[in-house]
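Engineer: From first to last, the protein sequence lines stand for chains F and P. Sequential numbering of the first sequence, starting at 10, is according to our numbering. Sequential numbering of the second sequence, starting at 72, is according to our numbering.
Everything labelled a hint here was simulated from the structure, so no lab data went into it. Bear in mind that the values here come from a model prediction, so they are computed numbers and not experimental data. Where a beta carbon is used, it is the ideal one built from N, C-alpha and C, also for glycine.
Reference listing, derived: stretches of chain F covered by chain P, where coverage requires no fewer than 3 residues with Cβ under 8 Å from a Cβ of chain P: (1) 145–152; (2) 180–188; (3) 315–326; (4) 331–344.
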Amino acid sequence: MKIWSIASKDLFITLKDKRALALIILMPIVLILVLGLSLNSMFNGSESKMAPIEIGFVDLDGSEAAQEIKSVLESDSMTSIVNVTTLIEKEALEKVEKGEFASVIIVPENYSSQMESGDAATIQIIEDKGNEMQNSIVRSIMNHYAGTSSALLAAADSAGTMLSEYQIPGEIIIPELVESVDSKSAVSAGNITKDGEGLSAMQYYSAAMISMYILFVGMLGTTSIIEEREEGTLRRLLATRATKAEILTGKFTGLMVLGIIVVTILILFTKVVFRVEWGSSLSGLIVLSMAMTFAACGLSMLLATVFKTSKTADIVNPVIIMLMAFVGGNMIPLYEMHPSLQNAANLLLNNWALKGFLNLMVDNGFSSIITTSIVLFLMGAGFLGLGISRLKLQ
Amino acid sequence: MKKSIYIALLKIKQVLKDKSSFVWMFAAPIFFVTVLVYGFGGGSGSAEQVKILIADEDRTDSSKQLVSWLKDHSGYKVEVTNESESRKAIVEGRAAAAVVIQKGFSEEILTGNGTPVKLLNLQNNEKIQALQTELDGYVNRLRIENGLVNETLNVISAIAPVEEGRDSEIKKELQRTFSKNMDNPRIEIESKNSTVEEKSGLNPMSYTTLGILIIFIAFFVVNSSGNILEDKLNGTWRRLQSTSVRTFEIVLGQILSIFVLGWIQVAVLILFSRFVFGVDWGDSPGGIILLFSAFLLSVTGLGVLMANLVSNKKQLTSLTAIVIMPTSLLAGCMWPRELMPDFLLKIADFVPQSWVIIGMTDLVSRGSEISSVFKPSMVLLIFAAVFFVAAIMVARGRRYAH
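Chain P on its own, in the form it takes in the complex (with noise of 0.2 Å):
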């Protein structure tokens, strides 16, 4: 046991002398959730403003109300341009959506025949259904204006004959009054949170910031393990074999090292990003050591089987590649796992990265004990005694080949 914990000594030693590990285990990492903390708005920016985009092809009195109307809105910040000229600014991501009001809008709209408003839009989030409902929302007003001066002017026709010339003077005032009435709506919504606690739901900043974490964790972790490779190929280990050193305590030095390794990244990207962008973690250290904890295993005995297969470090790094970043997108490190179909999260539960996210969104979100890490660091424990069974497997497959 005494020998395993000095090779192990040794691995994290060198490791941790190489200026590459340290590019990944924390330079690269840090990088990323700068850029997408920062550049992205990590989730602030439902406050700010949608930019769209408006082409009037109708320019009539109906359509310049709407498109003055959009430009007024607190909510949009709008720009006037024409339909080709929005799409393409959709396309390259200029605009989140283009409103485009099509020739005949002012009529059909009363007839309700046809869709005579276009939304072009490259995604369709719950912005974009909100101002596809506001839309139909003002649209509805311009037809109840219109409704209000023909019925007028209908009834009081029916009471006299109205002069030529006072209609349009009729028209007038009731769009003036309705346009007044309109500024101070007899309706209004209220709209507030259920609870005054700030903490609820895993903001957008802790996942983004877990899911690099974990991407870039399951990479490290994986690729190291290759490290138990390149020592068997130079003959490392039959050198340590003619020592008093066994086999046995030689991998198990091996796995220790990247354990340990391992644990030393959680705990500077999980301190770093607390401390400097003040992500929040939860209340349960305890949870978070057993959950990281059994995520380390698991991975580590996915890098160890993985590096059985192949035969060189080389092919090591793009089977890594291959396998960790398809699975981390799959268990939804870089999106929420809601926005995903059934089917997949199904066969996302087969991907140790998902339980680490389950377990996480646990701990920080319902600020969860560490009981309800249990069930998932049980996974992770499993995941890793089935990847430690069929590494050995393999190793031994392989030496019956020889």
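With the rest of the complex left out, here is chain F (with noise of 0.2 Å):
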């Protein structure tokens, strides 16, 4: 009962701080919007909104082969890809170097007469360095070719090699391999989420947004310990009958139920204004999101023992939150980072909550959110027990 009167007075006082609501409810909502539009050309989905890459054509051979490179690059399934402009050589690279162009590609003047004589030919691309996320999608192309053609003349090669007793060539067999070439691309690519659309950068941001903000709510709660600590209302309330454990559980409620309000509502509202999809298991999102809370809030009782003042645990708080924001994933993807933070994530509460929201998202199920939620709740009864057991009230 006490434990109750002092959750629910600490969640009363909160609920009516418009500050305290405006940075664990609207900031949150504000950044996903941010960054899910931002940056949704990094996710799946949008490919096709990149403006075609201008591409210079040099022809220094003049031939057939050199116009074979063209019309591939000229083809229907390229032109919303690579836009060619043909044009000689000295035009050409001006452009590149102006920035004009991502890369020319130049067709040799030996090109077919070494590609005949059965040596290496070789085609050159010159490059912006500038640019190199445009022009490495024009490498990957020209390679795509190269490596299709090779193949090509191998197999030529090699059917040469055994129809020559009958003295037959072997280029015979190529055009109907060129028929089964390329016919279409046997890969289909984001099949991360069971509907095969791919994870949305809306989809990823909510989670990591969720997964940090519930720190900032724990932040919350040191202060307002640490504060009353100062202030002296704990002591007092040591006056009452109430024993340090019930005034601690208390405090420790209240920020719970503060959490899972915040937790219900930045989930509620992503799902219903941002079309976010969490998943189909219901069950697995709300285990996971109560172990989520509970360790934040019992990290948040460690913390209020480790800040002597209000002030430093105001300026402090905030450093370490985002801190453990970059190195657990929730500004830049994980996979970009260093092997060694990528372990030292693994010791972050907002990493594990983030790869089990995720998880959730594509539909792992909820098995896949068991092993996250002990996790959780573990780090949360360690932090609490620490922090109870070391709390001091005056």
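Two independent chains are provided; combine them into the complex using the hints.
Structural biologist: Structure (structure tokens):
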């Protein structure tokens, strides 16, 4: 009963504090919106929005083989990716230096003769260094062309060796082979979700921001305990019959309830307004959210023992949270990170929570978050135990 | 004027003595730059191997060939697993992509039906697109090899019936010579840069550093404007007014102190990143001075405006977080602006941070002269003017309300 009175008092105070609510509810929503809209091109389902890459084509060979390269680049499937302009070498090089072309493809004058004589023929690409993203795409298109053409030539050579006793040239089989090549891509990309749509930036950052802002909810709890200690209200509570454990459990419960309210609001808001798909496992979502909130509130109890004054807490806590967010993958996806930092991320509750939410979003199901939830509960229990045993009320 | 300078000097002394401002001004940004530059490789990444997973559910000769080709590929670091494991691993950031070779792969690549290879990935960047193209290239190679065997056998059997057992011998021989021929491809691609010069493009390290600096400078400057508010609440103003100092001189002194403190921060951070991390800041110190001065004025203006909108320092701290963080992200402090859609970039034009980034990109990446930052600096000064005027209007409005 005492526990609940303390909890509801704390909750009531926070819910009346517009400043606190703006920080833990409005702020993550604004960030999800900005991050989700800005980084959509880095996630799936938006290739078509990119404008075609401007490239130059220089034919020094004047052969049929060179024209074939050009016609591949101008084929229907390529027009949305590259825009080819044919021009003389000098002009093309000038344009790539100015950055007007991402790259220039040059077919050297001995290209076809080398190909006929059986030597290796070379296609040159001159690239604008300032445009690494686009010219790496052009490079992979050209590598693909060279690979497939080489394979056709290699096949002709093999057939030629085999058919030499019948005095039939190997090239006879090429027309049939050409038809089988590049008929359709055999690869479907971005099937990380069950519907094959891929994970959107909005989804990723909804999960990331909720698992980051739960730490800010914890921060409110830390500050509240320290402030009450400074003002002496905790001491005065001891004058009633409440024990230390009851007071702290009360504060913890109030924070837990606040955390659950915030997480529920954020999940519902992103689902309804931003149309974020949280996966089909509602039970998974509930268990994971509870585990995450428990861990974050536990951490806040521990942090309350670390800081002496509420002023230091207010300065250092946001730095800790931002650092946890960066290392935990809440800002930049984890696989880009150095392996040693990835291991460090396993110590962070926000990282576990993020991984859990993403697993649910791609419908890996309840079973995928069992370990995650257990880890989060254990973290929370550890933090809470340490916090309560070491916390001084005066 | 002299009195303003005294007030400014006093303020600067107070702030520099305070340990917490030291944390926010220098320690935190340097710490973050270090974590980002070293933790995320700061762009050296392109030469590194991309970590991918493979799940082979087909388990035929063709699929095994594909797996062993990927394992030998110098661009990828490969680990073999199953589909559900790889789904988890991708989500948890343990690999960039997973290649799932589905059942029926060996038949479907020949008929051209369906997409028997699934690529699982979280982000669709150019590395993933390159992987997709390479996979299609290898599928082509498998198709060609198969066609080679079939067509050659067709040609031979058209001349004379092939004896029992000899066809598998021919098949083996063709596959052997084909893969031998493929070791020395007949067509090669040779790529090189258009310029021999080192400089081109704001490298990821300078970009990351710049972004972090801008975020922390904005935070610090706006929060310092809170001092004006604090002094007002504590009654310091009233006491000062009892001397011969005028309100105008007090405000000027405060703004001057924020501006100077901001510059101390900018200078320390730029010099530190230049000499410790070797970040390239271009060849135009004049340009940097002009651009950052204009930027500091505009965020000071923003800070003063925000300080006038709230009633205590705590409110200002939360308002700062809510305003500075999203606008900095919008300006492109954490990622290249090219990634962002057009409509967001248009919105970002109304954010001061955008214009420092635009100006610095010109100075550093193109090695431009000071003249290239005239326009961004002008825009920032206009921001400053608008903010200050708005602040005065809000302050007056409040006075009448009382």
